[in-house]
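Q: Line by line, the protein sequences are chains A and B. In terms of the working numbering, the first sequence opens at residue 1 and continues consecutively. In terms of the working numbering, the second sequence opens at residue 1 and continues consecutively.
Nothing false has been slipped in among the hints.
Treat identical chains as interchangeable: a pair holds within one or across any two.
For lysine-lysine, the following DSBU-like pairs were computed, each having C-alpha atoms within a straight-line distance of at most 35 Å:
1. Lys39 x Lys208
2. Lys631 x Lys208
3. Lys294 x Lys647
4. Lys641 x Lys631
5. Lys127 x Lys294
6. Lys647 x Lys631
7. Lys647 x Lys208
8. Lys124 x Lys39
9. Lys208 x Lys641
Quick caveat, the hints were computed from the structure, so don't treat them as lab data.
2 protein chains.
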Amino acid sequence: MENVLIQGGLAGAVVGALAVLISFFLYRHVMRQDPGTSKMQAIAHFIEEGARAYLFRQNVTLFLFLGVLAPVIGVLFAVTSGAGRGVAAALAYLLGAGCSTAAASLGMIAAVRANVRTAAAAQKGLKPAFTVAYFGGAVMGLGIVGMALLGISLIYYICRFGLGWTEGEATGTALGFSFGASALALFAKAGGGIYTKTADISADLVGKVELGIPEDDPRNPAVIADNVGDNVGDVAGMGADLVDSYIASIVAAMILGAESGGGAFTILPVLISAVGLLSSLFGTFIVRVLVRGKPGAAMNFGTLATSGLFLLLLFVVTYKSGLSGQQWLGVFLPTLAGLAAGLVIGLTTDCFTSIDRAPTRRTAEAASRGTAINILLGFSYGLVSIVPSILGICVATYAAWRFAEIFGVSPFYGIGISAVGMLSIVATIISGDAFGPVSDNARGIAEQGGLGGEVMEIVDALDAQGNTSKAITKGFAIGAAALTVLALFAAYTHLAGIDIMRGINLMSHTVIIGLFLGAMMPPLLSALLILAVGRNAERMIDEIRRQFREIPGLLAGQANPDYRRCVDIATRGALRELLFPCSLAIVVPVLVFLVLGKEALAAFLGGSILTGIIFALFMANSGGAWDNAKKYIENGAFGGKGSEAHKAAVVGDTVGDPFKDTAGPSLNTMITVMSLAAEVFVPIILLVLG
Amino acid sequence: MENVLIQGGLAGAVVGALAVLISFFLYRHVMRQDPGTSKMQAIAHFIEEGARAYLFRQNVTLFLFLGVLAPVIGVLFAVTSGAGRGVAAALAYLLGAGCSTAAASLGMIAAVRANVRTAAAAQKGLKPAFTVAYFGGAVMGLGIVGMALLGISLIYYICRFGLGWTEGEATGTALGFSFGASALALFAKAGGGIYTKTADISADLVGKVELGIPEDDPRNPAVIADNVGDNVGDVAGMGADLVDSYIASIVAAMILGAESGGGAFTILPVLISAVGLLSSLFGTFIVRVLVRGKPGAAMNFGTLATSGLFLLLLFVVTYKSGLSGQQWLGVFLPTLAGLAAGLVIGLTTDCFTSIDRAPTRRTAEAASRGTAINILLGFSYGLVSIVPSILGICVATYAAWRFAEIFGVSPFYGIGISAVGMLSIVATIISGDAFGPVSDNARGIAEQGGLGGEVMEIVDALDAQGNTSKAITKGFAIGAAALTVLALFAAYTHLAGIDIMRGINLMSHTVIIGLFLGAMMPPLLSALLILAVGRNAERMIDEIRRQFREIPGLLAGQANPDYRRCVDIATRGALRELLFPCSLAIVVPVLVFLVLGKEALAAFLGGSILTGIIFALFMANSGGAWDNAKKYIENGAFGGKGSEAHKAAVVGDTVGDPFKDTAGPSLNTMITVMSLAAEVFVPIILLVLG
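Make the full structure from the sequences, and use the hints.
A: Below, the structure written as structure tokens:
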């Protein structure tokens, strides 16, 4: 048994390190590509500048935040469980935040640098261009996932075998790592979400509306902030969010595994994640080999090949895990159910937001009947879109629970491992997602760089594929968060010492109140984030106006605007606005526990999952439908650009922007943070209270 | 003990009958007032015509619906519990629907007829005008509440003492009465909600936008349908909804009372409601005596006086109820908590939607910065507005539970009786609410009838007060629905035979899935209702265009449009659109029970309460904020009528219309219907399954 554990820990570390290494080689490979004409390089340089400015400010604030929270965690653990565990917890926390931040920052720089090289490669054909864009995205996908797996494995391995701690102590320390990664996710996802929409709205408002200069015009001081925004939200934000879920699902499953027998159960989440990452590595190169006509087909086949290989390895790993009797089936089947549910949720999301489907087209048609009708239809379709995803989550939950139960495994472990299954191929998903903004920016650079018609066709094809993968990723991320938070919920009940048999009785006032308060949080946080975008945009608008007023010759194109200052104002404002919602997400769970007790906190987490998923899905999909309805009209439908329908669709798109890029995607992270805050602080408080 | 029961049943019947009688006298009193000039009468006649046409179609459809469902209920009960109970259940069901329908229809006719008389009375001064409008509303308030109390009391009295049935059998039959009343509520609230917005949107779109004729122009074939709509939604719909909650809360508390000892516990809900109604009767006349300068002050004082008298009587009733020891406090205090929470929730709602407060004014200011910003701000404030209401519900739940527990009463009964407490003075609330559209229409008639400046001032003052009472009622209705559905939830767990000690364990897959599915329903139903308005409006628009095309001289004002046909098309369409959402509300709970079991259904109901309350509050308050932001601009702020800000605010208002008048308010009814469907069908299915 000891053997399995050691091997598992090592396998995770080895595969994780391998992924990081490959990510590094891919980065070098991308860098070696032709960086295009000097004009293209100049544009790309500004974007990279902006990205660095953003990252610098974000990381400084993040480390200030860590500087406060890490000692708190360390001292709390030290007081209750001894100095060793205190130091370990604080270190794990810092390591979690540090590793993800490093990987996300490098991934974002890689993506930003891959933009211009993709545009340049497009001059040579589709395959080279696709390869650069895809590898540019894969730097992020493989790097951040590899770093996460390496971190968890090492922490567990060192605590368990190096220091000889119990399984519970080792997984508890891994929880610190997870909490650290979630700190980055909060900053990158919610802060980045506020940032990107601040830049977008203010650039449009002053540039397009007040001064009548075109979109992406280099005279606009906010244009770089806007370009950077896409990378912040879709590369760093989404990557950090998914990795946050990834780590949390593994740690939650390990905690539940330690609870339901330990040994192989504890280490299987790591092993399964390791073979998942291995499959993703394999899939990345399959895609590269296969791409010919349509990049979409190659990417879909890559995902299929990755899933196929993963299934094979999953079978081997579970069958050979040394579990008794048919227990391996109680691990294998829930993992499978999770993976299947993730794919289904991702694909159905696409149905509600794809430009080729009825909901988006009807929303576009509604725009021709008036702005309000367009808003109402997009809103309604967003609400309807929650149905398939919620049914998918329900089926996965049911299957995971029952399969585990039938084959003699703890059903909570079944839920936990199905979340691990859903997230097992997350490196492929993040790579595909980061591919989106790379292609998007490559298209922009190619256009501004004045590259010819054939090149534009190629980058257009890449861009279209990028939009699809971004949409699929969004649905997938929300589904993954749902299952992960369910696993965290189960892990919390264990850590808080809630008796499974007596359970959390819905027929008690504290549980009912906990549910109400929990359900209240996601809508409240959504509203706060949207209001934050509004306030931050006002600050930014003042700065843009000031530059046009005070920099002589700016509007005439004879002077350069101060891009960096705009980036900095948007970034600082976004991070400042984050303070209140973040504090709520950490403080309210603790308050609920102190006032109403541990069952109420469990219900609180449950309530926040319910409305969190609903609001995240609805906001993401309404926003997507409005966005694509506008694009559909811009492609010529219902009067095309400049028509009344187009004006209505633009309003819908602007309403949808903070829905789909700020509030909606931040909710995943927010509910994960609430659950992790509960898990980190409640056991400590329980110890303090004796 | 027997004595208390008989007296209680009789007291309910007597007070109920008294209220119906007084309602009848008020109606006669209103009718005797001066109906104004012939021009005013002509306008009023059309509105009355339209209201009758609407009521005719609604009631025909409703009775077809009852014709199908009543035999089903009768047969199911007959098969499982004997022919006698089958007949009783079917009759109670029909009686519940019939009584509420009769009262709602009469109340609506009274309100429609009070309009013109209020306008006429305004020529004599504020006090006479206010009296007519207030009494016109009170016909509805006292009539429908009296009818409800009379019905419950008689059914209970006859079953328990006439037929000698057990308490459980008698309250079970009363449940049929409640289910019947909820059938009307569904039709009047959700169907009426679709109807009113269909008429509003299509009248505006063809009239104002396409043809450029003013609002409320008599040439517009949809103008009467639009005027009728206000009465349908705010008089009949809101009255039916509140009475639905009222009856359901009384019956749920009786069921829980029968469970927790019976005797006085069972009959106290009726007794408390009786003294509540008595206090409302008293309050109605106090208001009339007191009104001088400000109608608002008189109405507020009336509510206070009603509440004060109710408290006194409540003390007497509970103290003398013959409960042992301090148990009376375990009834008295939860009732008090419910009443206080209702008032607080109603008042805070006002803060988020009142034209004098920051949220509305900021939304208006946002309109000056663009349509999308206006939409985003109203949306965000709507989401924030759920916080005080949810905290109010939580505090009431906590207080009710703990007070009951401390003084030796079943805590579930505490929840049930606090819902009864909140709804005890509902007659006053409904009267105030119906006063709203009466004043609104009186204002319209006075304007169209060309009455002078002083008269306009008076009707304006009445109208402003009417808007405030409507807003307070909306918040109150949602709070009341929340507590009522919590009581129904508790009653369901009892009827389904769920063990209170083992309870409904949140740590089980079926319960988690039930919560997810339940939470999914309100957003889904909201979307379906909004989409229904869109489809129905298309039909109506076709008809309006047809009339302008085919009736010669219509646009020139030389021919009359066919108002009735427009009313009929909007009505039929609305009722047809209702079929699918209604079926979902009845069928899905039954399906959840059959597939996942009774605990899952309990969780389903719980989940539907959570998101039901959130969506109902958010939609009602966002809609209210947009509406009043528009009015604020029309009053001259940010450029006034015709400015860009005004155009943006009009879009916000149109988006808000189906939010606040269709989807939002229908959710109360929908979640009540789901709970009642569970309670009516599950015990039967359990019996059939043995």
